[in-house]
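Given the coordinates of chain A, work out where chain B should sit on it, guided by the hints.
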Amino acid sequence: MRALYTASTGMAAQELNVQVISNNIANQRTTGYKRQRAQFQDLLYQVIRRPGTATSDQGNLVPAGVLIGSGVKTASTARVMTQGTINASEKEYDLAIRGEGLFKIRMPDGTAAYTRDGSFELDAQGQLVTHDGYIVEPGITIPSNAKSVSINGQGLVQASIPGQVAAQDIGTIQLSRFINKAGLESIGDNLFVETPASGQATDGPPSSEGFGNLQQGYLEESNVNSVTEISSLIAAQRAYEMNAKVVTATDQMLSATTQMFRG
Amino acid sequence: MENALLIGLSRQIALAREADVIANNVANVTTNGFKARSLRFEEYLSPTARADSFPRNSRILSYVQDKGIGVDLTQGSVEMTGNPLDVAIRGEGFFVVQTSAGERYTRDGAFQLNAAGELVTASGARVAGENGPITFSPQDGRIEIGADGTITTAQGQRGKLRLVRFADPRSLANEGDNLFSSPQPGQPLGAKGRVESGAIERSNVRPVVEMSRLVEVSRAYQNISNMLQQTDALRRTAIQRLAETPAS
Numbered sequence: 014m015r016a017l018y019t020a021s022t023g024m025a026a027q028e029l030n031v032q033v034i035s036n037n038i039a040n041q042r043t044t045g046y047k048r049q050r051a052q053f054q055d056l057l058y059q060v061i062r063r064p065g066t067a068t069s070d071q072g073n074l075v076p077a078g079v080l081i082g083s084g085v086k087t088a089s090t091a092r093v094m095t096q097g098t099i100n101a102s103e104k105e106y107d108l109a110i111r112g113e114g115l116f117k118i119r120m121p122d123g124t125a126a127y128t129r130d131g132s133f134e135l136d137a138q139g140q141l142v143t144h145d146g147y148i149v150e151p152g153i154t155i156p157s158n159a160k161s162v163s164i165n166g167q168g169l170v171q172a173s174i175p176g177q178v179a180a181q182d183i184g185t186i187q188l189s190r191f192i193n194k195a196g197l198e199s200i201g202d203n204l205f206v207e208t209p210a211s212g213q214a215t216d217g218p219p220s221s222e223g224f225g226n227l228q229q230g231y232l233e234e235s236n237v238n239s240v241t242e243i244s245s246l247i248a249a250q251r252a253y254e255m256n257a258k259v260v261t262a263t264d265q266m267l268s269a270t271t272q273m274f275r276g
Numbered sequence: 025m026e027n028a029l030l031i032g033l034s035r036q037i038a039l040a041r042e043a044d045v046i047a048n049n050v051a052n053v054t055t056n057g058f059k060a061r062s063l064r065f066e067e068y069l070s071p072t073a074r075a076d077s078f079p080r081n082s083r084i085l086s087y088v089q090d091k092g093i094g095v096d097l098t099q100g101s102v103e104m105t106g107n108p109l110d111v112a113i114r115g116e117g118f119f120v121v122q123t124s125a126g127e128r129y130t131r132d133g134a135f136q137l138n139a140a141g142e143l144v145t146a147s148g149a150r151v152a153g154e155n156g157p158i159t160f161s162p163q164d165g166r167i168e169i170g171a172d173g174t175i176t177t178a179q180g181q182r183g184k185l186r187l188v189r190f191a192d193p194r195s196l197a198n199e200g201d202n203l204f205s206s207p208q209p210g211q212p213l214g215a216k217g218r219v220e221s222g223a224i225e226r227s228n229v230r231p232v233v234e235m236s237r238l239v240e241v242s243r244a245y246q247n248i249s250n251m252l253q254q255t256d257a258l259r260r261t262a263i264q265r266l267a268e269t270p271a272s
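Protein chains in written order, with my numbering: chain A, 14 to 276; chain B, 25 to 272.
Chain A with its partners taken away, still in its complex shape:
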């Protein structure tokens, strides 16, 4: 009986759905986290009677055929790249992006990774780095004698040096953007890498055409909405139970068959 296998695909899909939801809830307070959403598609259909075929030579057609589906599959767990809430952190090197773009990070092996998490720090050389010590492109080194550092909406980093009246320009933070942000691959540590699906990165300064601007002293929170996640969780749990119920009912039918004609 096919129903048994069909229901098991449903149970597997709902299990994955709960996995995705639980990861979203776990990362509710992760800076720059973008929630994922499981999307499902129906599986192949077995055609027993195709609609639209002729039933007589007078041109009568089958109005609705017999098509038996074989369950569900996961199509994607795409990220929803909407803006997260921006929250004041009052830390000097905390940056939030308002609008499009991702920070470009230089990985230890020289490749590029991208993030929306702008909670940066300085390393021993005064370089602007992520929590893991990776350099933020294009590499900004703050002079050791700087009194204070300001980063404006265009990404320009300026330091006030004792004895100088005017602030000193140090560099401009670059952002990158992709035509298909949802196609980026997550590698953990709040980082994304480019894939053939995301397209090539386009680099540019903040506030230029198509890029968002920067906000110093603020962080972008995750875009997880707890109400949505909890209601999706309830829906997924109930859908799982329903599929389990189909397994039970099919089992009862099979057992009725095996118990027929017991001598």
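It is worth saying that the hints were derived from the structure and are not from the lab. Hints are not guaranteed to be accurate.
[Said to hold, decoys possible] Straight-line distance between alpha carbons at most 20 Å, and here's what the computed EDC-like set of lysine to aspartate or glutamate pairs gives: (1) A/160 - A/136; (2) A/258 - B/240; (3) B/184 - B/172; (4) A/86 - B/199; (5) A/86 - A/254; (6) B/184 - B/116.
What follows is chain B alone, placed relative to chain A:
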């Protein structure tokens, strides 16, 4: 006597198939744009021999046959997602999708972009616009989809979603991947097409209905098993009784 067994069997085969259809509906309870299907049965009247010389009039036997699986095209519940590339159709109509096998139709409006900036479905098939595929450039900024399916960005209009309707939507066949195929091409919906952006149409499977039908199917199946068992017992008893030699 065998007729009772065979008629019972025809019903059981049909019920097992109905259970398959329910299982598929339940498995797709969270599939975007999924349309529930339900099985329809018909009587299959068996031609029987007719002769007046028979001691009793011959009776017509009616078997069960599954005739078609209707598709329920009612609107599924619409969930607001806020994602600019999610589109739900309000009322009738289908999105047109270009696949390698030709045009296919879907109600699943969870669209994405591919690396070339084209609007695609979750399985990567291009979504058709009124004037060919819909393509975006990295400079486009925020994408807005109007109520009539017009797509605009900061750089201007980018096309319009093509919506079609079918004179006979029952002839739609499921292809998997949330796609339908149709023997006749769809007719343009024109100004009647209404879409909602930032929303997704969920499956229209009604869990309560499916669960109660499932119970019904399961019970009917068991009843027929019992009936077949009783028929068998009747026959066995008959053989035993008739074969008994009368005590002399």
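Checklist entry - Looking back at the numbered hints, which does the structure fail to meet, lowest number first? => result none
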